[in-house]
Each structure stands twice: as C-alpha cells, then as structure tokens.
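Engineer: Each chain is listed here by its residues.
2 protein chains.
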Amino acid sequence: MPSPFCHCQCKMCRVPGVRHCSAHPSCGVPVVHSQQAPRRVDERSVGRALGRLKAASGTHSPSVSDIERALPGVVQIDACFLSNPYATTEVMKRLRAISAQRLEQMVCHYPSQAAGTAALLASYVGIGADHILAANGACEAIHALLADAPGPLLLSLPTFSAYYEFAAGPLITHQLRPQDEFRLDLSRLEALVARHAPETVVIITPNNPDGGLVDRSALIEFVRRVQGRVRQVIVDESFSHFGSEATPQTLTPLVRELEHLVVVNSLSKSHGIAGLRLGYAVANPARIRELRGSSLWNLNAFAEWFCGLLNDPGYLDAYERARLRYHRTTQQLFAALHELPGVTAFPSAANFALLELDRPAGDVAGALLARHGVYTRDCADKRGLSSDHYLRIAARSQPENDRILTALHDVLAAPQPTRTHRRIPQPAAA
Amino acid sequence: MPSPFCHCQCKMCRVPGVRHCSAHPSCGVPVVHSQQAPRRVDERSVGRALGRLKAASGTHSPSVSDIERALPGVVQIDACFLSNPYATTEVMKRLRAISAQRLEQMVCHYPSQAAGTAALLASYVGIGADHILAANGACEAIHALLADAPGPLLLSLPTFSAYYEFAAGPLITHQLRPQDEFRLDLSRLEALVARHAPETVVIITPNNPDGGLVDRSALIEFVRRVQGRVRQVIVDESFSHFGSEATPQTLTPLVRELEHLVVVNSLSKSHGIAGLRLGYAVANPARIRELRGSSLWNLNAFAEWFCGLLNDPGYLDAYERARLRYHRTTQQLFAALHELPGVTAFPSAANFALLELDRPAGDVAGALLARHGVYTRDCADKRGLSSDHYLRIAARSQPENDRILTALHDVLAAPQPTRTHRRIPQPAAA
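Top line first, the protein sequences correspond to chains A and B. The first sequence begins at 122 in this note's numbering and counts up by one. The second sequence begins at 122 in this note's numbering and counts up by one.
Same shape as in the complex, but just chain A (with noise of 0.2 Å):
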C-alpha cells in the first residue's frame, strides 16, 4: 500500500518535519526537511484525526510519531510531552562522540543485571544501590511498585493516570480543587488513611497536570505519621527539577529510616531522554529485591551509557547549567501566560502550566495544532478535572515558547464560541 512516506513506517520517519528514514535507502520518498513552515490543514480535519488518536492512546497523549504518522508535517512544536530541551542537546553532544567500536559494543552484549545498573545510579541518587531500582522508564518501577499491593490505593485526583491504570486492586480517590489551585491538603488526605485504611498512598510532587508542589516539611511529616498505617507512601519525584534554581529537594535520604517510604523519579522529564527510557525506585534494600525479581537485564545500553554518564562530573556541570536555563525561560512562559485573554493559569513547580479557558481545551488544541503546529495537551479525559476547559502547555527553549504564546494569543483571540460548559461527570470520589 502507497504510503504518504518512507515505507518502514518507523519512529524516525515519524518526527516532525521528518518524513524518510535515511538508514532505509532503498525507499524512494524524498526527505524533506523539518524546518519547513508549518502544513496548513483545516482544523476540522486535524480535530477529527486527533480523536482518533486519542482514542486509541487510551489515557495517554497520542506520540507524536502517531500523530506524525496520521497527519504528516503538522506537530512543529512539542508542548505536549514534558521534557528539557536544553538538557537533551548536552545528552546528544556526549552520544555523538561515542565511538563506532564502542556502539557496537553496546548493541551486541547484554546490559548489566538489576545490581549493575543501581550501583552506576547510586552516587547520582545519593544512596546505595540496594536502595535503588533501576527502571525501563518510571512507569515500570510504578507498575512493580502496584502490581503487588492489591490492597486499598489512595490517590489525589486530578494526577498522573498510569497510578490509577496500573491499581491492582480498589482506588480511593481524593478531589483536589481548582478553587484551591489543585493544592494537596495533607490533613484531608491524613484523615481519609484513617477512614479507609489504605496499602498505598501516592502522592507526586510537583503533581500532573496542574504542577502543585507540596511543602517539603509537611511532606515529611504525614510520611513519619502514617508508619505502621499503611504498607507504603510512594512520592513522585518526577518533576522535582523545574521548580527552582535551588538544588532539587527529594526524601530519598528518609527511605533509610522509614521503611513504607518509596521515592519515584524519571529521567526523561529533567533530561531529556524519553527514548532512553530510564527511571527509578528508592525504597528499604529488602522492598528493592522484591522489585527486581519481575525483571532481567531491564535497562538497554544506551539508558546504561547514560547512568555511567550520570557519574561524570563535567556532564553534570553542564546539565545544572541547561536545568537553570529551562528554569528560567520556564519562569518566563507562566509570566506570559498569566496575561493570556479568559484564561487561568494555575501555579505550577513543574515545568509545565494547567489552563482553565473560556472554552472547550480540544477546539484550541486542535487551532492551535492546525494553524501553528503547536501540539497541547487537552486534558478532557484527565480523571478529576470537572470540565473539558483544561489545557496543558509545556515550556520547551525560548523560541519555541514564543511561538507557542504568539499561537495561543491567535486562537484565543477569536470570539468564545457559543458552545455551552460541558461538566464531564467524575467518578464518586472520596
């Protein structure tokens, strides 16, 4: 079947602007090149196409390979997935200077076993290796981490969706408010582990998709309050280095004495390194051997070439300075958006902003998709949001940041549609 691109349908023909794989050469579709202006396409079809996808990515954003894959051309910019470009470029530098003889070392041996690749974490992490899990992506470790507590699972609500698709057993759900800029009130949550008696208690900080930070002190102190109440407390730290210039806080020194404790972290987000797929678990050494018992060799070479590069001091200096700078222009975008027409932006530590709009999220991410090659997040299907007006925009370099504001200033300029307030109905929630 004729295809409107390179025929290997691969995840390289599929990125933006991208539409042949060069490692291919025997398909003849010409390359064109990213930097071309943006496909215009009516925003009808791109609506209609983006459903579809969505459809089919269940409670996920569609990749934007799918999306490149169904609409070839249109995603320009990326502020969907949540991810520091700065830190990706420091990433690519050190990847291109790997030499030919050592990729190939690489690609042809096993990786190392669970203990290998925690021991190359331990001095990033900041603990030893029989604390850590090294995971194919956070949403591994998470999947482990649930699998094998069937118990209760108590979860603020709106959050990251792989905790509630991967509950093993029944889910005890905590609103969080827009009236209270989605703010996790630890006394609420406190008095809800005394009425249900939970195993697990979640809680990500800075949460997805509205960036609340909880306070570190009050943190620390429902975790020390609820030993010997439930099995475990598992704190996500995914999006802990965005929020400030300061040195990211964590409670991975804790786990040493609280043994319910289980910090989660991700690479991909502060990194930059998605397709790596490289996260990972703290806990107590002996809730780590049961971890690892569901996997072997988990990690590819190149997630154990970048924990090795984790150990390099010169890689590290340059990572603070590309996290600093994201910081910053991170800081500019919310100011921005601050100012945008009927909109509210909610405060966020993450290195992404929750919109409230004046109107449907899936109207002005599909303008915003189809006339500027912006791609949002609409987040009509996040379980917790009581309405279909929540946007998400992540903050990606500076000249892209200007080009998302410039887009949303287009698309929200144009009268409200007449199309009423739709209240999604919510699951009962306790």
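Since the hints were derived computationally from the structure, they do not count as laboratory data. Each hint can be trusted.
The list cannot tell twin chains apart, which means a pair is met if one copy fits it or any two copies do.
Mimicking SDA-like on lysine to any residue, the simulated pairs with C-alpha atoms at most 20 Å apart in a straight line are:
no., residue 1, residue 2
1, Lys214, Leu224
2, Lys175, Ala250
3, Lys175, Leu192
4, Lys214, Asp438
5, Lys214, Leu437
6, Lys214, Arg444
7, Lys175, Arg165
Computed from a predicted model, the values in this text were never measured in an experiment.
Chain A is already provided as a structure; the job is to place chain B on it using the hints.
Structural biologist: Okay, now just chain B, sitting in the frame of chain A:
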C-alpha cells in the same frame, strides 16, 4: 576511590579491552586498545573472581561488562552469550547512518505505545498487530506470560532459567536425559499433562543449553492434543534462526486457530542486538490485550528504530545473508567440537553446543578465560544437569571460532585432574 579504569564505571568502560569511556573527557585514565593480547592472569584468581561474579548473577552468567569490571582486559572472545556477530555488523551499518537530527528526535521523544510498536513488527512476524506483544526483550514477555498464571507450570529441564525463576506458582519438572541427547519426548510430556493438569506448558525449541530441536509436526500435534486441557502452551523459538539454511520455521500462524498457543521469540540472538532489548510474544488478541496492560512505552527508541528496520527489504536481504554465513561457520565449529578429546558434544540446532567434559567445567572455563581470553558458560548451576562437567560454547565469527577451538585443545590437552566427578543434587522431578 581510585579505580583500575574510568571512574564512571559505565558499560562502555567495561567492554572487552576498553577501559575508558570517550564520552567522559574529564576522566584521566589512559585509553587501552582492544586489540591487545589477552592479559595473562593466574587461573586461580580468575576462577575465584568468576565464582564471586556468578554468585551475584543468580542463575545467569555474569555479563561481559561485569567481568571486565572485575578482571579488566581479560575477556577477548565472548563465547558465553548467544548472538550472531555477522547480524550485528548489518545493524551497525544502519545505526551509524542515522543523522544527528534524527538521533536527537529518537532520544528526546517518548517512544510509541504497544499498539504502535506491534504494528511495526507485524510484517516481519507475519501476523496482525493485534496478535503481537512487542517486549523489552523476550524476558519481559516471559515474565508477563507467567505472572498471571499461578497454576502449575510444566517445564522440561535443563532449560532457560527465566522460566522457572518467573514461575508464579508450583513447578512440574520433566527431566531431559543426556543418554537421550536431551531430546524432548512429547508423549512423556503429554502423560505429565494428563497426570498433573498444569495451567502452562513451556517448550523451548531449540532448547537452551543443549540446542535440542523438537520436531515441528509432532509439536503441532502435541499443541492440538492438549487444547482444552491447559490454559497456555508457550513455545519459545528464540533460537529458531540457527539450525538450518532453510527459512526458519515457526508456529506463529497457528495462534489464529489455537487460542492456548503463545509463541515467544527474542531478536537479541538472531539479529545480534542484545543491547537494544527487543523480543515479542504472539498469541490470540484477547491474551495480547491482557499482556499489554502491564506496560507503557516499554520499547526504547533504538528498539523501535530496529522494528522499523525489519520493514526494509534491503536490510532483510542483508540479514538473511548474515544468517546463512553464521550458520555455515557454526556448523564448522560444531564438527570440530566433536573431535575434541574427552568431550561429548550434543547435537544442536541452535548457535551453541553443550559439551560434557571429562573434568569439572568450572576448571576448564577458568583456564579458557585466564589463558586464552575465551569466556564460556560453565553450566554447573543449571537445574536439570546432573554433574558439574557441562560447558556451553557459543558460536562466534570464523576467526573467533578458530581461537575458541585452539583454546579448548590447549586446555583439554592437560591431564585430567584426579578430582572426582561431582554429582549435583537435583530437585525431585516429575
């Protein structure tokens, strides 16, 4: 703490003959070239170090990088892990041709979800994407298949240890015997099905560590006969590309009609890409949907790129030539192994041969590594082998095979030690 090689201790710093990772310019350790002569170390130290590493690696062999960390420069030829080196060469040509821009897109974007990666495999596997689970290595598929099957698992021994390590419930073992050349007798297996009513039956063909092949027609008959009596029959074809110049045979098409059949395959061995982590399972669509529930974005960008490559006719032609070349050199190695003094080489349809020696395999493996830099698999820890005299040799390229044979002749020419044959206590088998 000063280290004998690069402080980062990453995998690249631990590959044979390489002690410094070029990605870390701040490391002052001098580069050592890989074409050096094997470092002579005394056999007793090597034996002790191997023993320690083995103890830390469970039922699997220490990775080459683990050995390199403990004994830098010692491994010159990896005849332990099971992978086609000619196939690696074909992949590397194409991996190195990826442009800088595309490589960056691969690293920074999330990979596709399960349905997307399955679609990329469909043409190669020869069945629709809804029948395919793309896995982060075959081990991930094996774990998923067994994690939700707590009923008894019927398994022939010796075999690949992941199957008994990942078993979620009781194990019924069927002992293969050296006097039968480890051939699997399907009528005996069927009698065990009748007697024990297992939930899962596993058949690996060719089997690891002996390379024994199960006759395809007889296997299909067996699978048909046990339909309705077991929940799943897992047929692992990870070594099916090595036994013959003919097109590799597979039971894959039968999953359309046999709902209890699951076919597992690894691409690590056949395509020489162990570091990329890629395998798959084929089953009926309902089972595949269940299995996909435990993973999100489980393939990394390089594995997804390789899935795309499997749709490129130019690559597939090159792979087939590499497969035939490797088959020919493997057959030459096997013929020569039969001529070794004091050795029984079992018939193998895989890319490795199991040898029964006249002395403990651990002594021979230590001497091969210490004197000749040849890393082999001492099978003393393999369940189902009744003595410590079994050694597994993986086929490599033609010149490497010549060095392996020279090394074996040298080591086995020494008089047989007086130490007696040690029988290994085996668990009670059905």
